[in-house]
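Protein chains in written order, with our numbering: chain A, 6 to 264; chain B, -3 to 311.
Treat the hints as calculated values from the structure; they're not laboratory data.
Idealized CB from N, CA, C, for every residue including glycine.
One should not assume that every hint holds.
[Unchecked claim] Just some of the chain B residues that point at chain A, by a computed CB distance under 10 Å: (1) A108; (2) F109; (3) N150; (4) V153; (5) A155; (6) A210; (7) S211; (8) I221; (9) L302; (10) W304.
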Amino acid sequence: MVGAIDINSVIKKFTTDDGNEITALDGVDLNIKAGEFISLIGPSGCGKSTLLRLIAGLSTPTKGTLSMDGAGIEGTSYERGLVFQNAMLFPWLNIYDNIAFGLKARNVYRKHKERVSKFINMVSLAGFEKSYPHQLSGGMIQRAGLARVLINDPKVLLLDEPLGALDAFTRMNLQDELIHLWKKEKMTMILVTHDVDEAVYLSSRIVVMTPRPAKVEKILDVNLSYPRVRSSSEFLYLRTQILKILDYAGKTEDPGYFI
Amino acid sequence: MKRLKSWLPLLSVLLAVGVDLWLPDSPLHTPTKTKYFLWFLLILGIIFIINIIRDNLRKTKDKNFAKQAPFYAVLILLLNIFNLVSKKYALLPVIFFPSIDRVFSVIVEDSAFLATCVFSSAKLLFAGFAIGVIAGVITGIAVGFNKVISYWINPLVRAIGPMPPTAWIPIVLVVFPTTFAGSVFLIALSVWFPTTIMTAGGIQNIPNAYFEVASTLGAGRYYQILKVGIPAAMPQMFLGIFNGAGISFVTLMTAELLGVKNGIGWYINWQKDMMAYANVYAGLIIIAVSFYLLVMLLFKVRDRILVWQKGVIKW
Chain A
6 MVGAIDINSV IKKFTTDDGN EITALDGVDL NIKAGEFISL IGPSGCGKST LLRLIAGLST
66 PTKGTLSMDG AGIEGTSYER GLVFQNAMLF PWLNIYDNIA FGLKARNVYR KHKERVSKFI
126 NMVSLAGFEK SYPHQLSGGM IQRAGLARVL INDPKVLLLD EPLGALDAFT RMNLQDELIH
186 LWKKEKMTMI LVTHDVDEAV YLSSRIVVMT PRPAKVEKIL DVNLSYPRVR SSSEFLYLRT
246 QILKILDYAG KTEDPGYFI
Chain B
-3 MKRLKSWLPL LSVLLAVGVD LWLPDSPLHT PTKTKYFLWF LLILGIIFII NIIRDNLRKT
57 KDKNFAKQAP FYAVLILLLN IFNLVSKKYA LLPVIFFPSI DRVFSVIVED SAFLATCVFS
117 SAKLLFAGFA IGVIAGVITG IAVGFNKVIS YWINPLVRAI GPMPPTAWIP IVLVVFPTTF
177 AGSVFLIALS VWFPTTIMTA GGIQNIPNAY FEVASTLGAG RYYQILKVGI PAAMPQMFLG
237 IFNGAGISFV TLMTAELLGV KNGIGWYINW QKDMMAYANV YAGLIIIAVS FYLLVMLLFK
297 VRDRILVWQK GVIKW
């Protein structure tokens, strides 16, 4: 199996326009095995997305190293597919051409043409090939965004709050689709989310991060079988545990009272 | 009521015909061989009748012609009034305000020569326009994508661009071997500037995420420029081209006034010098119609290319 990601004491600093230095990541260590479903969870603005961008190769760490299957990550690669928060479909391409973009960009379209309709069917967008993104609903757009990345057959799928902007029902449907996909394609999935339910429902391990500057606060194994029941006591226990960690993360004083 | 509205233009036509037939012409106006205004009204009348029938046959409630009918009716009424003021009573100076008959007679009887004028103007315009658009798009892309080129070229674009292209005429007359080449240069210049500015601006305003998406999907630098940068900047590019088209029409007319010995702008100026105002009006009508058609053509091209924008942006 391929698709293991190793993150070794990664530090990422930004300089803002007015010259202030901001430490987004302050020594992150994380080893992700091939075929895992990892969720990165933490308070908003803590640097989860920064970490994801580093894994994708969209930016470079100030210190530390990132590697995939032993080879250092330098620049982007279609083997690490990234699904953006609001899909970022190209508005000037119809759904077919959006999904075929990766194949065409890598100059393998002629060889793998049949993959386009296969993935269009997989995300149930058959019949919408000629539609433009602005004609589709949020859920359809996000599914198209997923198909556009999957068509490249990535080893690692990076998901940057892909379901954040969707309504609750569409979100739950797509969560099931993600699990189905993960079981079938056996790829490594790294999901950034701030939805605790989503993290517990989907992942095999949950990485809880501290507020900025972010470090790994705690890693929890989720030993529940799929499909998971959102109302089971184990589910709720884990959920409460994470909420507790998040609640106290960064705070030192105890309120000193009970309700 | 709707029914009645469709008949208004026809009524207006009949009124104009009546006025032209039964009122005596002023002796100050030289009569034309053919009553062109009457023929014109006859053709319009037939077109209106066809449209009324078509509207009635149409099953849908959407009566297109009925909507436009009042406009046409008033337009013909205005022509009718002008006919009264000029040919019938000669209330305006005859030499500057010829009868509609005379203007139409120029268009019909001088049509062969007018056609050569339109043709030579078109040659100039298309050559200049094509060169301007291509140069503008290339400069815009280079400035938009390359920081070094932007550093060196941008000040030049900003300094030269806002100058009215016609201000270059003294230099152009010296530098270019023929007036044709010089005029093409002036027209190209007037299209080049807005196209460059809008293309570069369009590229610089593309959300970076589109390029990031493309690069994580395996697209190289040049593929990103070709398949992300250019299409994303296309709406802005068209704004620049439309702007340039407007300026190029002005430049074309001015260029013809100065150097070229043919063309519709030159024709107007020449006829003005000969005090042949009927010919001047004929030239103006031809300019109006051809530029209208050109702009329509440009809109059609834009709608074809920017079909993905339908419902997103309107201008």
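**Prompt:** Does A210 of chain B pass the interface hint, meaning its C-beta sits closer than 10 Å to a C-beta of chain A?
**Reply:** 7 Å, holds
Verify the interface restraint on A155 of chain B: the C-beta must sit less than 10 Å from at least one C-beta of chain A. 28 Å, violated
Hint check: is the beta carbon of L302 of chain B less than 10 Å from a beta carbon of chain A?
-> 8 Å, holds
**Asked** Minimum Cβ distance from V153 of chain B to chain A below 10 Å?
**Response** 26 Å, violated
Chain A contact restraint for W304 of chain B - C-beta distance below 10 Å
5 Å, holds
Can you verify the interface hint for S211 of chain B: is its Cβ closer than 10 Å to any Cβ in chain A? Given a least distance of 5 Å, the restraint on S211 of chain B holds.
Given hint F109 of chain B near chain A, where the shortest CB pair must fall under 10 Å
Nearest chain A Cβ about 46 Å off; hint violated.
_Satisfaction of the N150 of chain B interface hint, Cβ to chain A closer than 10 Å_ = 21 Å, violated
Exercise. Is the interface hint for I221 of chain B satisfied, with its Cβ closer than 10 Å to some Cβ of chain A?
Worked result: 12 Å, violated
- Query: Against chain A, with CB atoms and a cut of 10 Å, does the hint on A108 of chain B hold up?
  - Reply: 46 Å, violated
Consistency with the previously given hints fails for numbers 1, 2, 3, 4, 5, 8, ordered from lowest to highest.
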